[in-house]
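Colleague: Each chain, letter by letter, is given below.
2 protein chains.
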Amino acid sequence: MVNKEWSVPKIVQHDERRIEIVNATWRIIARGGVERATMREIAAEAGFANGALKPYFPTKDDLLAFAFQHVFCRTNERIAIATEGRRGLTALVALCREVLPLDEDRVNEARIVVPYWQNAMTHPDRARFHEEALGQWRAAIGQYLLEARDDGDIAAGLTDEAITEHLITLMIGAQILAALNGSDIPDARLRRRFEEQLDTYLELLRPSR
Amino acid sequence: MVNKEWSVPKIVQHDERRIEIVNATWRIIARGGVERATMREIAAEAGFANGALKPYFPTKDDLLAFAFQHVFCRTNERIAIATEGRRGLTALVALCREVLPLDEDRVNEARIVVPYWQNAMTHPDRARFHEEALGQWRAAIGQYLLEARDDGDIAAGLTDEAITEHLITLMIGAQILAALNGSDIPDARLRRRFEEQLDTYLELLRPSR
Numbered sequence: 390m391v392n393k394e395w396s397v398p399k400i401v402q403h404d405e406r407r408i409e410i411v412n413a414t415w416r417i418i419a420r421g422g423v424e425r426a427t428m429r430e431i432a433a434e435a436g437f438a439n440g441a442l443k444p445y446f447p448t449k450d451d452l453l454a455f456a457f458q459h460v461f462c463r464t465n466e467r468i469a470i471a472t473e474g475r476r477g478l479t480a481l482v483a484l485c486r487e488v489l490p491l492d493e494d495r496v497n498e499a500r501i502v503v504p505y506w507q508n509a510m511t512h513p514d515r516a517r518f519h520e521e522a523l524g525q526w527r528a529a530i531g532q533y534l535l536e537a538r539d540d541g542d543i544a545a546g547l548t549d550e551a552i553t554e555h556l557i558t559l560m561i562g563a564q565i566l567a568a569l570n571g572s573d574i575p576d577a578r579l580r581r582r583f584e585e586q587l588d589t590y591l592e593l594l595r596p597s598r
Numbered sequence: 390m391v392n393k394e395w396s397v398p399k400i401v402q403h404d405e406r407r408i409e410i411v412n413a414t415w416r417i418i419a420r421g422g423v424e425r426a427t428m429r430e431i432a433a434e435a436g437f438a439n440g441a442l443k444p445y446f447p448t449k450d451d452l453l454a455f456a457f458q459h460v461f462c463r464t465n466e467r468i469a470i471a472t473e474g475r476r477g478l479t480a481l482v483a484l485c486r487e488v489l490p491l492d493e494d495r496v497n498e499a500r501i502v503v504p505y506w507q508n509a510m511t512h513p514d515r516a517r518f519h520e521e522a523l524g525q526w527r528a529a530i531g532q533y534l535l536e537a538r539d540d541g542d543i544a545a546g547l548t549d550e551a552i553t554e555h556l557i558t559l560m561i562g563a564q565i566l567a568a569l570n571g572s573d574i575p576d577a578r579l580r581r582r583f584e585e586q587l588d589t590y591l592e593l594l595r596p597s598r
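Line order of the protein sequences matches chains B and R.
To convert, note that position 75 of the first sequence is 464 in the working numbering; the numbers rise steadily by one, no gaps.
To convert, note that position 158 of the second sequence is 547 in the working numbering; the numbers rise steadily by one, no gaps.
One or more hints might be untrue.
A pair holds if it fits inside one copy or across any two, identical chains being indistinguishable in the list.
[Claimed, not checked] Distance condition first, Cα-Cα at most 25 Å in a straight line; then the derived SDA-like pairs of lysine to any residue: (1) Lys449 with Thr427; (2) Lys443 with Phe518; (3) Lys449 with Ala522; (4) Lys449 with His512; (5) Lys443 with Arg425; (6) Lys443 with His403; (7) Lys449 with Thr511; (8) Lys449 with Thr464; (9) Lys443 with Gln458.
In case anyone wonders, no lab produced these hints; they're calculated from the structure.
Bound conformation, chain B alone (with noise of 0.2 Å):
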């Protein structure tokens, strides 16, 4: 039987090594793509020894699903140091910021976003745990406009569910167009049109003067 206390430090251990592969993962993939980013190419950026990575995860498809929740996670700590003491229409317009790709940062982590969800699109239990996720923001989004009506920011005859969508559904297309960044425009510019959306779609919410 296994001794399930005894295995509790080991696993923290773990988790910080794992840690740092993530980031030399992450540190391809902004240089190179996640093609590029082989279990070689990793184990050689974190300084493991080829072959060692293998106690962390078994697999890249592993590695990925690690990255995404680690991504994850650092979005949620943002959020909750950007929302601290805050509420309504404040509190939500910093959610949102923390997650759109609004810094080099930001864009970097929708870069690691984008090849987890192709890689979701097969295996359900990874698209269920992104659901989870959004559903963690869709509720605190939720949360956040019922503030705002209370205080009179948001007279949008819309119910607060189609808010939610829309900004749920804005933040994941706008993942797409800061990881793609397809065309001419300098990526500052970029990120300031996916700020000029959230404002603009805000401002269709606010009564009217």
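Using the hints provided, position chain R relative to the given structure of chain B.
Modeller: What follows is chain R alone, placed relative to chain B:
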């Protein structure tokens, strides 16, 4: 020197075979995802000998690039039919409905587009092709919005450019959500959600009664 006149019929024939191959790819991706769609599997599905795809598509990447172009052409053909003789808001709705994943065919198209996006992250020429495709939609949407304002169907204080960006980002985000469907929501219900998103967004733009 290559005689260009002579090579034309050959190219046309090539294109027909290519579309057969793309349709086979599509069926495999719809059944088992892009990872299942190896060159060997695709050859078998399309009734080609193993290795016989090479003259048409040297690599799976080339095949995916062509498949995306084909999806884009099909969508544009549907848009041309759906918008014929229409203008303003009616034409705008017709365009968006042809892009949104509102039926099984269009969800399958989304399943082709998601791997293309990942691929385009490291192939700037493909990201550029995608951007050009979006540029055509942006131009058409801009024209319809102008007409819709003339018709008094839109009263929002937002610029047409801002509205166009919202619609583009919503349509792209919907592709991801449809291709993944990580929820327990039946596909038909999920598709209805995208229809509602379009309706409710346009509601925000209408003159208040």
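Colleague: Confirm or reject each hint.
Modeller: Status of the hints after comparison with the structure:
no.: 1; hint: Lys449 with Thr427; verdict: both (7 Å within a copy, 18 Å between copies)
no.: 2; hint: Lys443 with Phe518; verdict: within (23 Å within a copy, 38 Å between copies)
no.: 3; hint: Lys449 with Ala522; verdict: within (22 Å within a copy, 32 Å between copies)
no.: 4; hint: Lys449 with His512; verdict: both (14 Å within a copy, 21 Å between copies)
no.: 5; hint: Lys443 with Arg425; verdict: both (18 Å within a copy, 23 Å between copies)
no.: 6; hint: Lys443 with His403; verdict: within (12 Å within a copy, 44 Å between copies)
no.: 7; hint: Lys449 with Thr511; verdict: both (15 Å within a copy, 18 Å between copies)
no.: 8; hint: Lys449 with Thr464; verdict: within (22 Å within a copy, 34 Å between copies)
no.: 9; hint: Lys443 with Gln458; verdict: within (19 Å within a copy, 38 Å between copies)
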